[in-house]
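**Student:** Generate coordinates for the entire structure from the input sequences, incorporating the hints supplied.
Here's the letter readout for the chains.
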Amino acid sequence: MFVDARALPDETTVQTDLAIIGGGAAGITLAREFDRSGVRVCVIEAGGLEPETQVQAFYQGESVGIDYPLEAARLRYLGGSSNHWGGYCRPLDPIDFLQRDWVPHSGWPFSIDEVMPYYPDASAIVEVAPGRYNDAAYWEEITGERLPALATGRMRLQFVQFSPPTKFGERYGPQLKQSDNIQVLLNANVVNIGAGAEGRQVKQLAVRTLNDKRHSVTARIYVLATGGLENARMLLLSNDVVTAGLGNQKDLVGRFFMEHPHLSGFGDIVVGDLRRVPPLYRERVLAGGRPAQVAFNPSEAFLRERKLLNATFMAGVSGDYRSDTPQGDNSAQTRARIRTDVLKAARRFLADGAGPVKPQDPAYIGTGLGLGGACEQAPNPDSRVSLSQRRDALGLPEIKLDWRLGEQDRRSVVTHMHSLAQEFGALGMGRMVIAVKDDGIWPAQVSGGNHHMGTTRMSDDPKRGVVDRNSRVHGMDNLYVAGSSVFPTCGSANPTLTIVALTLRLAGELRKRFQ
Amino acid sequence: MKAISKTSHREPAGSGYTRRAFLLSLLTGVAGAGVLVAGCAPPADGGSAFDRWSGWLLGATGNRDAVIRVGRLYLQAYPAQGNADALLKEIDRAIAAQLDGTALEAADRARVGAALERAVRSEYARGEVVMVAGWVLSVSEARAYAAVAVLSG
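Chain order of the listed sequences is A and B.
If you're matching positions, the first sequence starts at 54 in the working numbering and goes up one per residue.
If you're matching positions, the second sequence starts at 308 in the working numbering and goes up one per residue.
Simulated from the structure, these hints should not be mistaken for lab results.
Just so you know, not all the hints are guaranteed correct.
Claimed, not checked - Result set (SDA-like, lysine to any residue): computed pairs, CA atoms no more than 25 Å apart in a straight line: (1) K490(A) with D120(A); (2) K490(A) with A384(B); (3) K411(A) with G420(B); (4) K490(A) with V437(B); (5) K360(A) with E435(B); (6) K490(A) with G420(B); (7) K490(A) with G441(B); (8) K360(A) with A204(A).
Just so you know, these numbers come straight off a predicted model, no measurement behind them.
**Tutor:** Following this line, the structure appears as structure tokens:
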């Protein structure tokens with residue numbers, strides 16, 4: 054059932070069993086797990102069914118570190134940021150869960166084995182099932198293309214599968230609407246998570262609407278699922294009982310903010326004969342009705358040997374190079390000429406025979422591949438979310454983000470770029486130019502991927518984490534956190550699939566509570 | 308250096324064709340069918356075997372200039388590498404390692420060309436690479452371009 058909180062009588066109290074704050078991928082997944090369960094569920098969504106400027110403005114904030122588009126990076130209506138995700142799906146890697154002596158603050162409370170059973174169902178929810186994320190033989194068979202093995206030992210092939218992408222509000226909203234035991238409270242801004250006097254129990258949620266209605270929601274169990282930035286903000290601003298904010302007795306809430314640093318134009322590859330590069334290496338291939346593409350990942354052995362962070366690279370055709378391209382002397386034209394020079398010079402290594410690669414187009418000399426890369430960021434307590442002095446339309450502190458990247462992050466990115474260059478050279482496929490100087494400074498073009506992680510990190514030790522291995526806030530009996538804010542380390546895979554998998558795992562934990 | 312290359316290339320395949328000349332001709336082929344070291348300009352009479360050979364190479368694709376430019380970029384980055392003899396010696400070594408004991412002199416151009424290609428791929432696999440104007444190139448590949456650039460004057 055959908056209910057517009059603006060239309061409820063002022064000071065309505067909604068009584069439920071499970072209150073889920075946030076109707077994004079995690080919140081909707083969790084609610085669906087309790088459909089027809091006998092457990093009364095209330096999803097409290099700050100937005101409506103469509104984006105609205107006035108509502109979206111609540112995601113404004115202050116960026117004081119690496120420039121970050123706080124408002125554009127998230128969406129505040131049913132479905133949340135799944136309304137603009139790219140659909141990239143791949144599980145985290147086993148090493149991402151491990152405590153690595155070269156990555157401070159690394160390590161989940163469990164191995165990937167704990168999450169792996171949930172990935173198949175998560176894959177179905179994001180509509181990519183069956184997941185074949187590291188099964189080269191499967192993709193070779195289904196595409197009929199041989200996938201040359203990588204040669205350096207530095208990298209390995211993984212397979213990204215693409216969700217349509219599933220917009221959770223559109224895709225699963227009708228199910229929630231029809232459900233007898235799920236209520237979706239729309240246009241309902243949670244402004245305080247109200248704890249009891251000891252701060253160990255959540256007693257109620259204070260809700261306000263933009264037409265100035267004030268409601269409350271009471272439940273047995275509360276789950277915060279508002280995204281990796283807002284989860285921390287909600288805990289911090291719920292400070293009427295615990296002055297530092299709920300769950301923040303150890304000053305950990307909001308710290309360890311991680312993104313996947315993306316670099317645009319960090320390098321590209323020239324290919325002499327595109328036939329040498331399997332389509333899966335350079336484009337989304339529709340195989341068995343499902344799109345997939347190769348991701349180039351560092352091998353675990355190489356990460357260990359060089360003490361590096363994880364990364365994911367993908368390539369895509371950017372255009373052809375021709376010998377009749379006009380030449381010039383400005384810097385861009387010089388760079389372009391060097392590209393064609395390298396292609397011509399390396400032709401013997403990159404194409405078969407002496408004749409033209411494309412007899413019908415003798416001026417063709419090669420193809421460019423653009424590169425996309427997402428890299429793991431090391432957990433850093435100084436990379437953090439806190440509360441700004443600025444206030445939103447309801448008078449609450451806006452978010453303040455201080456995103457920071459370190460030298461280990463940068464060194465890892467640069468090293469993996471070199472690895473990719475070596476792989477394409479070793480396979481006789483292409484030559485790569487790296488546009489990022491290895492000078493110890495992060496290039497200005499670094500940006501995020503709208504992946505907000507780590508701000509309520511998971512640990513068995515309350516001194517090291519905000520939530521325990523079951524996503525329950527340390528020291529609190531009935532408050533849980535869902536979403537990528539619980540990731541202690543973030544790997545390099547896009548987070549949505551893992552968010553959904555972890556939410557399914559959380560649902561199992563909560564079912565026990567309701568038994 | 309230049310004088311030696313000229314002498315060598317005037318006798319492309321006969322008994323006087325030295326190992327080094329063989330390598331040079333190989334490099335020009337490897338570097339793109341159409342590359343030949345500059346400084347080997349066709350003789351004025353235009354009727355020799357060299358003239359026919361170089362004319363074929365130079366006319367094929369025009370890659371000679373590209374090879375020279377990339378070679379010069381390498382020499383800018385590694386100015387101490389501007390000795391053609393040293394460059395050819397290193398390339399010789401890389402090729403020989405791929406020929407499974409076959410003497411370089413005894414191998415035909417196709418086999419030696421394939422050996423150089425294998426050497427280049429192996430260098431990428433082993434991380435034996437250099438940076439040239441941001442490009443990641445195998446050491447033998449870069450040396451090949453540089454050798455052509457040096458000999459071109």
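**Student:** Does each hint fit the structure? Answer for all of them.
**Tutor:** Hints and how they fare:
no.	hint	in the structure
1	K490(A) with D120(A)	holds, 21 Å
2	K490(A) with A384(B)	holds, 15 Å
3	K411(A) with G420(B)	holds, 23 Å
4	K490(A) with V437(B)	holds, 14 Å
5	K360(A) with E435(B)	holds, 20 Å
6	K490(A) with G420(B)	violated, 34 Å
7	K490(A) with G441(B)	holds, 8 Å
8	K360(A) with A204(A)	holds, 20 Å
Against the hints set out earlier in the document, a violation occurs for number 6 only.
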